[in-house]
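Sequences are here, hints too, so could you generate the full structure?
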Amino acid sequence: MLATIGLEVHVQLQTHSKIFSGAATAYGAEPNAQACAVDLGMPGTLPVMNAEAVRLAIRLGLALGSTIAPRSVFARKNYFYPDLPKGYQISQFEAPILIGGGVDIRVGDTEKRIALTRAHLEEDAGKSVHDAFHRDSGIDLNRAGTPLLEIVSEPVIESATEAVAYLKALHTLVRWLGVSDGNMQEGSFRCDANVSVRRPGESLGTRAEIKNVNSFRFVEKAIDYEIERQIRLIESGGKVVQETRLYDAQRDETRSMRGKESAHDYRYFPDPDLPPLVLDAALIAAERDALPELPDARRQRYQSALGLTAYDATQLTQDRALSEAFEAVIAASGAPAKLCANWVLSEWQGALNAANLSIEQSPLSAARLGGLVARVHDGSLSSKMAKQAFEAMFAGTESADDVIARLGLKQVSDSGALGAHVDAVISEHPAQVAQFRAGNEKLLAFFVGQIMKRTQGQANPAQVTVLLRERLQ
Amino acid sequence: MSLLSLLAALDDGSTSARAATENALDRAARHADLNALITIAADAARAAGDAADAERARGARGALLGVPFAHKDVFCTRDILSTAGSKMLANFVPPYSATIHDKLQAAGAVLIGKANMDEFAMGSSNEHSHFGAVRNPWDRSRVPGGSSGGSAALVAARVVPFATASDTGGSIRQPAALCGVTGIKPTYGRVSRYGMIAYASSLDQAGVIATSAHDAAIALNVIAGFDPRDPTSVDAPPIDIDGALAMSLAGLRIGRPRQWCGAGIDAGVANAIDAALAVYAAHGARIVDVDLPSSEHAIAAYYVIAPAEASSNLARFDGVRYGHRCANPKDLADLYTRSREEGFGHEVQKRILTGTYVLSAGYYDAYYHRALKVRRLIAEDFARVFNDVDVIAGPTSPSVAFKLGEKLADPVAMYLADINTVSVNLAGLPALSIPCGFSDGLPVGLQLCAPWWQESRLIGAAHAFQQVTDWHRAVPGGAA
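Heads up: the protein sequence lines correspond to chains A and B, in order.
Position 63 of the first sequence, counted from 1, bears residue number 63 in our numbering, the numbering being contiguous throughout.
All you need for our numbering is the position in the second sequence, starting with 1, plus 1000.
I should point out that these hints are in silico values taken from the structure, not numbers from a laboratory.
Some hints could be false.
Now the in silico label distances, taken between C-beta atoms and shown as ranges [what the hints assert, rightly or not]:
1) Ala1009/B <-> Asp265/A: 56 to 64 Å
2) Glu293/A <-> Val1093/B: 50 to 58 Å
3) Asn1328/B <-> Pro200/A: 54 to 62 Å
4) Ala1090/B <-> Ala286/A: 48 to 56 Å
5) Ala1042/B <-> Ala24/A: 38 to 46 Å
6) Glu228/A <-> Asn1328/B: 41 to 49 Å
7) Arg288/A <-> Asn1328/B: 40 to 48 Å
8) Ala132/A <-> Asp1026/B: 48 to 56 Å
9) Ala1090/B <-> Phe80/A: 20 to 28 Å
10) Ala1042/B <-> Ser137/A: 53 to 61 Å
11) Val1093/B <-> Ala51/A: 28 to 36 Å
All residues carry an ideal CB built from backbone N, CA and C; glycine is no exception.
Now the structure itself:
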């Protein structure tokens, strides 16, 4: 059986105010503290389009290769729900702002472009609170009117792995462009998955929609579960029904959501309060000119121009701040990209992860790290010393050179100074010298170790090896 | 006293804003039997009158500084009950004001109270108000028209020199005609809809009712203008009042649509309209017959589009956040059903049901979509006619004021009261109604309609007529 998956992603646009009102969008305020008369659907109030939300949608559309509709239309989606203040949601229906486009993904060595159907602007609803009051439900309208862009893929995704690759690529892109903070816990990036299965050669099967799965891991598990459920159902002679299902992460299963969504007639019609959204070519051109280098292009450049491995290039382009920090380290150190990539991806990222900090919150700046990498590159520091210096720098505010001076971390590469130690070690260990000369190559490490000990680790091991070979041969 | 003469008296000190306010409050009390006001804001009005006098004493001269007025209760007024004539909002005190209220306050106008209206502006007789029917000052057994019946009755009884009103399918012009006053519905977009409780958003337009075209123009210029809070409002140049007053009728081309003067028009109304057009002709205007063929479908299109929008606009009245909530709801569905069943009157419920139906899957194309096509054809008719004429004229209403209760049992007859007015809303055009005679002792209104944004031309044509006729000065016998 083959699986077919289409994804609908709700991306919360990173604006200061709501899509149709001036109320703030910040997360976590007291209930209903960020809902004005417009958000409350008070009589006589009217929506006013937030220009910033439009710019963000255009920006993402350009990056996705979508057609930016010169004219799109807001429509009302009518239904009653307590957290929907107007009794309708303002969305786009027949004429969305973005049409087509796609997201490139790679699974293993295979590359694939996931085509998009459309993306449309809409407002979020509020939130029902069922556990705050005895017997009554509460309504928090802080989220009502938050700007969303719903991105709808074509049903061309064939596995949970591809689905996650698509979501991660999209997630990287929206954050890269500053379109959304992508915070999944706070609901800034939410996903519904339409899943169906069919036998090869058959047309698309009946789909089930899995609602609101809010982590990559759960998306993968929910889709895998649903594919398996549908296959079992069909193979045992059953039929998949078109329905909405909820993923229960604790039990790792999807369950039918009865009632609410079924057989709804939303009575969409163009919103007479909002004129069609007509986009000026100049506005689109301005967004195009301001578009940064995109993650895919940058990844390719890192491989072709900087000679990084595909793995490193991919890691470095998952996050724009990380990628920019990496480039700043290159600029500050003058060291080869590969060396900089190693430092950024292993030491720096490792330390940040251990401290649970983002790159933006890092106590160590790219410029200071660059200073350290420069000392590694010019041979002043062994990698062991450099790691010691890194720890001191990550904890404090000193420059690399200050830390090196304070800790006395200077690698000795001078053949004169090292030569004395080499000679001493050779004369102290005649037996080992004999064995080495008899062909026991492994003893080279022993001699290097002895010299490192004598120099308290400051000897440049590469230089020591060269000198040892010269004198032992 | 007209708005103009009151302003002159305030300017020369022969009266005060406080005195004008007291006078309006007195007259409101004396005409309480009209049931034209839902709320009387006496204390606030007196304070505003005093404040206006203090401003005037400091030399200030706002465009309406110290002039009393009433708002149709469809406009939200901060801290003052704003009901839209509905039980649903019988307890609703908004924490914000309509943009036009802010503008009137800034101009120094003094709010006396909130005028009665058909519930949510749905009606042509003002009998569909939770607060009871309004009576026509010319004959208290008759309707004042609707939905702005309270506003028209107050101006006709000379309680206030002007009142705000709103017009979705004729709700300013028809009551103005039936009450013998001047009412103007501007071009869609000239006046902000922010804070005006919506009936049908693509048709609703705020305007004013006054005793003359000149007075109406003064008040309209105060409330008009682009509003950043209403994306459908437009930054149009204000009415050129001086230009309008100087306009000559000589050479004015007036189109008389055959479809406005057809079989359904009462003879007395037709006679008054003919006489009025003869006055125009006598002063140099040229009357030509024109055709608006699509307007025969206007009522049908209107009663699809307006209810469709209303069904959605009125969804917010759900008993959850404000307005009427039923007692002891047993669950969510019960809360919705009973709150709305109890809060909305029959006419409103009927239009919500109609609107829900025409937007439903399977019916959308046959009704709503088709009505939009008719709407486009109607607008094209007008555009074509305006290639050849400057204004269009005809009876505002096919009949004079009818008896209270006369058409309640026959909704189609009631809907036909707007037969000549709805096509103007569907096209978004400006139009006004001016008194032009009497039939059986009841006022007849002449409707004039102009191309988009040509309110100056409308005011000019109406003012010229009012310079050579006295119909607009006629005061109902009971208005003393």
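Hint-by-hint comparison with the structure:
no.: 1; hint: Ala1009/B <-> Asp265/A: 56 to 64 Å; in the structure: 60 Å, holds
no.: 2; hint: Glu293/A <-> Val1093/B: 50 to 58 Å; in the structure: 56 Å, holds
no.: 3; hint: Asn1328/B <-> Pro200/A: 54 to 62 Å; in the structure: 59 Å, holds
no.: 4; hint: Ala1090/B <-> Ala286/A: 48 to 56 Å; in the structure: 51 Å, holds
no.: 5; hint: Ala1042/B <-> Ala24/A: 38 to 46 Å; in the structure: 40 Å, holds
no.: 6; hint: Glu228/A <-> Asn1328/B: 41 to 49 Å; in the structure: 47 Å, holds
no.: 7; hint: Arg288/A <-> Asn1328/B: 40 to 48 Å; in the structure: 59 Å, violated
no.: 8; hint: Ala132/A <-> Asp1026/B: 48 to 56 Å; in the structure: 53 Å, holds
no.: 9; hint: Ala1090/B <-> Phe80/A: 20 to 28 Å; in the structure: 22 Å, holds
no.: 10; hint: Ala1042/B <-> Ser137/A: 53 to 61 Å; in the structure: 42 Å, violated
no.: 11; hint: Val1093/B <-> Ala51/A: 28 to 36 Å; in the structure: 33 Å, holds
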